[in-house]
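What follows is each chain in one-letter form.
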Amino acid sequence: MAELTYRQAVAAALAQEMARDDRVVLLGEDVASGGVFKTTGGLRERFGADRVRNTPISEQAIAGAAMGAAMAGLRPVAEIMFSDFYATCWDQVANEIAKVRYMTGGQVSLPLVLRGANGSGGLGFGSQHGQSVENWAMTVPGLKIASPAGPAEAFGLLAAAIRDDDPVMVFEHKALYGRKEEIGDGEQVVPLGQARTVRAGRDVTLVGLSITVGTCLAAAQELAAEGIEAEVIDLRTLVPLDAATVLASVARTGRLVVVEENPGQLGWGASVAAIAAQEAFGSLTAPVTRVSGGNVPLPVAASLEAEVDVSVARVAGAVRGVLGASRPLSSTG
Amino acid sequence: MAELTYRQAVAAALAQEMARDDRVVLLGEDVASGGVFKTTGGLRERFGADRVRNTPISEQAIAGAAMGAAMAGLRPVAEIMFSDFYATCWDQVANEIAKVRYMTGGQVSLPLVLRGANGSGGLGFGSQHGQSVENWAMTVPGLKIASPAGPAEAFGLLAAAIRDDDPVMVFEHKALYGRKEEIGDGEQVVPLGQARTVRAGRDVTLVGLSITVGTCLAAAQELAAEGIEAEVIDLRTLVPLDAATVLASVARTGRLVVVEENPGQLGWGASVAAIAAQEAFGSLTAPVTRVSGGNVPLPVAASLEAEVDVSVARVAGAVRGVLGASRPLSSTG
Amino acid sequence: MDVADDLELFEQMCFLRHFEERADVLYRRGLIHGPVHLGLGHEAVAVGAASVLRPDDYSLGTYRGHAHALARGAPADAVLAELLGREGGICGGKGGSMHITSVEHGYYGSYAIVGAHLPIACGLAWAALIRRTEQVTVCFFGDGATNIGAFHEAVNLAAVWRLPVVFVCENNWYMEYTPIGEVIPVALPAADRAAAYGLDRIVVDGNDVAAVRQVVGDAVRAARDGQGPSLVEAQTYRLKGHSAADGGAYRPAEEVARWRERDPLLRTRAVLAAAGTAPEKLDEIEARIKSGLAELAQQILARPAPDPAGAWTDVWSDGSWQWRN
Amino acid sequence: MDVADDLELFEQMCFLRHFEERADVLYRRGLIHGPVHLGLGHEAVAVGAASVLRPDDYSLGTYRGHAHALARGAPADAVLAELLGREGGICGGKGGSMHITSVEHGYYGSYAIVGAHLPIACGLAWAALIRRTEQVTVCFFGDGATNIGAFHEAVNLAAVWRLPVVFVCENNWYMEYTPIGEVIPVALPAADRAAAYGLDRIVVDGNDVAAVRQVVGDAVRAARDGQGPSLVEAQTYRLKGHSAADGGAYRPAEEVARWRERDPLLRTRAVLAAAGTAPEKLDEIEARIKSGLAELAQQILARPAPDPAGAWTDVWSDGSWQWRN
Ligand SMILES: Cc1ncc(C[n+]2csc(CCOP(=O)(O)OP(=O)(O)O)c2C)c(N)n1
Ligand SMILES: Cc1ncc(C[n+]2csc(CCOP(=O)(O)OP(=O)(O)O)c2C)c(N)n1
Ligand SMILES: [Mg+2]
Ligand SMILES: [Mg+2]
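Residue numbers (our numbering), protein chains in the order written: chain A, 190 to 522; chain B, 190 to 522; chain C, 2 to 326; chain D, 2 to 326.
Partial list, derived from the structure: chain D residues whose beta carbon lies under 10 Å from chain B:
#1 Ile91
#2 His118
#3 Leu125
#4 Gly311
Reference listing, derived: stretches of chain B covered by chain A, where coverage requires no fewer than 3 residues with Cβ under 8 Å from a Cβ of chain A:
#5 286 to 298
#6 315 to 322
#7 455 to 466
#8 473 to 485
Calculated directly from the structure, the hints in this document are not laboratory data. Please read all numbers here as calculations on a predicted model, not as lab measurements. No residue lacks a Cβ here, since even glycine has one placed at the ideal position from N, Cα and C.
Bound-form chain A, shown alone:
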């Protein structure tokens, strides 16, 4: 057992996989210097300049080079420093990487990982450095999407992503990099596509991803004091989506609150909510409820940021609302 920060867990996962498979190579801006978020520290020294490459500020070249190298059989891990910068290589991600296997009739596979810092988390990064970009990716079939909620997941999901033969985007949360957790010895791998029930509860199902898992847990504790038992599910990956775990929970609780950090206009929570409204309709006893970030670009001043970011209070309030709005169980179809 060792206590690692989220950022150390990322570096450890990279080291574990690079040691295990010499086809694993890293590229990105300043990665050889350890990276702006210190997630690649020591790797250049340990694995050499061939396998840990600094790039120019050329996100299209970074993503494209990762794709080409993957087609040739390497297993590249490309760092896109802030996930907002995927916008500068979106064609490579959405139109090339996501589609080339399909449009060539399966002639190529892309065992590659795109990773970087995502989300707001109240750090004052603002609208061009604080978005929840996993939602852009989820509109595009062909990309697997993982977003770890803590150090153990940061380690295990990244390892699984590197071992996966398909393109996986790992959205690390910049506000979690300093978070610490005990991590077991030996190889760490968390399979993609398996949600984790982090708290059991009978009254309502709270679904979170990445930083909102902690928000849901904190809300659940607050609600427990009021005798409300919330079940909290950490999705871990959006693609593959473990809808079964969510649906099974809703079948028990009859109530669903989905908690996203992104603006509500269109985010992964809408997809999860729609699945429940279609496939768990019979067991729903209350309106399917979404709690999401304010539908505005992210402001910087702390007072404004707090106003739009998802909070424990807003989640707890939504749960109280859902319980209030509930239809007597007898009337469910």
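With the hints as your guide, set chains B, C and D with the ligands onto chain A.
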């Protein structure tokens, strides 16, 4: 009254607005030559080289130039030939255009329009030229989104978009360009944010956008023969979204089927379905149902394309399913 | 292929020419679903470049890519089946004309977003560099592609990393309907940009297969020897429209006429004639190829369309498409 | 401002210097929410360029943009309030340090995605061209930005359309922690790329305010006279880290020392001294500016935070944020 094709309606709207306001300027690849989809024919000749500009193949420069010109008070209309190419200027669209007004505290406005050919429609354009890109845009607050279902809307929504003081993306459907419709004389403007009920019905609400409005209507006709009366709503714009019209309809019908051309993983239909599941829960008598394109990149061969594209049969089938799955009305909360 | 005599090159160009002519006919008969972009007139670039590559070298092209796939050895029947949307298509019907790919022959794909494949070419070349396999990557693109950001980022990265990649710009002087001269501030789209990446200014007559063989051959050798990337501008002309749906009316008649005289096939015919090959022999070769392709088209048209089930394969490496349980 | 004597330029540079030093102190005290990038050492570029602009000219900068806003006349209190997240921030607290903007003073924004504002600058210049207003647009960016696609597309479009825009590359030799030399295949990031756009190779000592004034002034005049765009490389150095959170340890000590000797303020002090200005006078000016800024910071820190309601304004031009009814 004159009968116009959808593409002629686009050209007519551009001409109407350019004649009305000399701040309206056009830029894009081959627009001076009339455009690849013949939507800008005759405009260079009529309005001159200053106002109708061919560009290099530089989508970032096109979108950025439109943004800068709008900040300076012009009202640019930029053509991005196929909406899939927004991927090559996504940073300009999602990170700059959508956010600059907000992040400057309202110091600038962006009266600009981004328009181009969108969607599949069974034309064999494949995965890099046939996507429903409105969904990428809807994940980003700050962009208005229109998608006309016929010539009259193509005319009126584009005119409204040009007159709007905010950035508006108009997604024209490439499979509708040849569609004809009678259009009244005089100025044509269709306000943004107002859905249109194209068919009244008591049993189920079908919500479509752009090409799927026609799919919904055809399905409604087929179902009418079985005594099922479907209400069909054409959203026209995703942002602003006229949720009220959808919710009012669902309050009457108790049933909702949302029909999107895009893959189902994450599309605008999820947002509409989630809103209904939260705000119309009490009146829902059946599972909220989504019909969407196959969750794969778009294939080219006609037999494969037909397999994944949304069809009248699939919509009609979904409606029958919804009616079968309905809870007796008595039990609605 | 390492050596190639002029006759062999002629036969290959002839094959590409008549493959495209056949595709054009089939398109106009409404037998091809989706857009088709023909490489008519560009044959010498595809054939000349392919002739200096090792079977394990990588190449990539654009939506105008039939010729590049065939030149590497992609089976004509599978390519044609892909165009016609019949069983046995080289991409299983999922790619169509714009995405012809034959990894088995080192042709890593046709890309339909202008400029997008240049960064991808860097990745293939990077893999070869890391593995020290001496494989070279050749990436074909158009004059219009030199104005898009991906071109800049890719050529720059290739130069900084000294990647074994040869970027070949097929300058046919038009980006769709717009003359390239209207949208570049220099005379030559690729050659006049080379210095910005510390690369030599290389121009070749793209309608002269021997010249292409020579110039691209030198660049490929340099890349193989670890001397880094090259940017080659091959000047050519498309004999028909941008796509099979375009008549190309925007091009001055005398310009078209001038270039028709420089048709790469006529050029090679002249060379062969000068070397003593009887024109009749060349006519006979051309006739055989032409009829062979007409026949092939008939055979493929007799095939059924791909099984719709194929739409649900090849999203993920395990063959499945599901995104949720 | 049309004329400017060295003393005035010195005062302005002094002001920028101490504004940034103050921001650095405030950041290290934990009083600034979010990242801060200081322009320490770059003052001569901002001041020299601004000194040749008309009030109605347009300029744009990066996340390292405080100096560029202030040099155009943006009120220091509003800029500092934006950094400190207090009432009266120039962007209402919605932009923060990386997005300082003062449209009223012709400064059309600080952009935090590398290279993104170059295409935007083209649009401002295009508008001026269409309206024949003779307004010039000046766009500041870093050496690292010359490797991104947006740079290529923007400079190319500006050259093709002969736009009245001056692109000023502040070459401080580093992109974050990486020396620019490691990621470009040429010696100079901007100057050695100019020819690719048919532009002249222009290099200026970015730590010499008079030289910047001269060279950027010529470029601005040319743009105003309809002679099209310029690409100017101003060579400078940042005196501290990439961001206020970065110590800059990756830079060789002697390199830092060498550049400290070339500090633009020392340079101008020497010029003024040679022209007979007493050092004491300059010290006095500097002291006054310094204490004035310390005082200003205290005043602004005494202000309340922006009303949270402000988070819900300015999405749309009517002031609202709602996306649905
Ligand atoms: C990013 C992008 N923008 C626009 C297009 C539409 N388009 C397809 S081909 C083409 C012209 C390309 O010209 P060039 O690069 O010279 O190649 P050519 O077609 O002449 O072989 C354009 C604009 C595209 N496919 N991708
Ligand atoms: C597209 C993009 N990629 C990466 C970054 C992260 N980043 C911010 S500043 C910077 C270095 C920029 O260097 P340079 O252009 O030389 O400007 P300087 O910071 O030296 O003034 C990087 C990589 C970004 N903001 N945008
Ligand atoms: Mg061309
Ligand atoms: Mg720099």
